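Visitor: So you can see what is in the structure, the chains are spelled out below.
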Amino acid sequence: LAKTTQPISMDSYEGQEVNITCSHNNIATNDYITWYQQFPSQGPRFIIQGYKTKVTNEVASLFIPADRKSSTLSLPRVSLSDTAVYYCLVVKQAGTALIFGKGTTLSVSS
Amino acid sequence: DAGITQSPRHKVTETGTPVTLRCHQTENHRYMYWYRQDPGHGLRLIHYSYGVKDTDKGEVSDGYSVSRSKTEDFLLTLESATSSQTSVYFCAIRRSILAGARYEQYFGPGTRLTVT
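Those sequence lines, one after another, are chains F and V. As numbered in our numbering, residues 1 to 110 make up the first sequence, in order. As numbered in our numbering, residues 1 to 116 make up the second sequence, in order.
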C-alpha cells in the first residue's frame, strides 16, 4: 500500500475554508484516495473517497491532480465541531486492509 | 447507524489474565476487523475476518487471537494480558460505498482496556 504524508497539525478559525494536503507518490493504478475523520473517544468515520479530479459530498471536497501523487481535502467554512484528526489513506478498490498514519490534527478556534 | 456494537466498553484487568472483547454487527457484512489505537501510533490492524471461521493476521497480531463462529460476532482474545496491551480497541466492518464498487470501513465505538 502506498505510504502517505500529511501535516501533523493545522489550526483554523470558524468560518474559514481548510485545505489539508496529502502526498502519496507511490500510488498504484488501482488505488483510491480515502479520507477518514476521528473525533476524540470515537472510531474513525469515512468522509470521502476519490480516484481522480474532484469529488464533492455534503461534508467535503476532494481534489486529485492528474498525476494522482497528492490530494487535497477541502472543508468549507469549518466550525468548532470540525476539530478532529483527519487521516489520508490509499486503498485498493476492494482492499481488505487500511493503513492509518498519524493523521492531521485540525484545531478550529472561535 | 450500521448496527455495530462492542462489549465491554471499558475494562480493567490484571496482567496475566485472559480477556475477550466482543464485536457484534447486525447487517451481515462479510469482513470484520480489529484495530488498536495508541498515542503516537494511529490505528493498527490486529486481525481481520473475511467470513465465518476465516481470519487472517494484521500488523500487530502477536499476543492476540480471534474467532468468528457466526457472521455477526467477531471475538478478540488476549490469552494472557500484558501492560503493553493497554489500548483502545476498535472493531470495524467493511461495507459498500457504491453498489458493487468501492468500500468503506465503518467503526464501532471502541473498548478501552487497561491492564494493570
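No lab work stands behind these hints: they were computed from the structure. Possibly wrong hints are sitting among the right ones.
Unchecked claim - Below, a list of computed lysine to aspartate or glutamate pairs in the DMTMM-like style, where the Cα atoms sit at most 20 Å apart:
1. F:K92 / V:D62
2. F:K92 / V:E27
3. F:K3 / V:E27
4. F:K52 / F:D31
5. F:K3 / F:E17
6. F:K69 / F:D31
7. F:K102 / V:D56
8. F:K102 / V:D38
9. V:K70 / V:E27
Because the structure is a prediction, the values reported are computed rather than measured.
Visitor: Confirm or reject each hint.
Guide: Here's how the hints hold up against the structure:
1. A threshold of 20 Å between alpha carbons decides the hint, and for F:K92 with V:D62 the separation of about 25 Å lies outside it, so the pair is violated.
2. The suggested pairing of F:K92 with V:E27 is violated, with an alpha-carbon distance near 23 Å, which exceeds 20 Å.
3. With a C-alpha separation of about 32 Å, the suggested pairing of F:K3 with V:E27 is violated against the 20 Å cut-off.
4. Proximity of F:K52 to F:D31 is assessed by CA-CA distance (about 10 Å); at most 20 Å being required, the pair is judged to hold.
5. Simply put, F:K3 and F:E17 have alpha-carbon atoms about 26 Å apart, too far for the 20 Å limit, and the pair is violated.
6. The straight-line distance between the Cα atoms of F:K69 and F:D31 is roughly 11 Å, inside the 20 Å bound, and the hint therefore holds.
7. Among the hinted pairs, F:K102 with V:D56 is inconsistent with the structure: their alpha-carbon atoms are about 24 Å apart, more than 20 Å.
8. A distance of roughly 10 Å separates the Cα atoms of F:K102 and V:D38; the hinted pair therefore holds under the 20 Å criterion.
9. Restraint check for V:K70 and V:E27: the C-alpha separation of about 12 Å stays at or below 20 Å, so the hint holds.
Of the numbered hints listed earlier, those contradicted by the structure are 1, 2, 3, 5 and 7.
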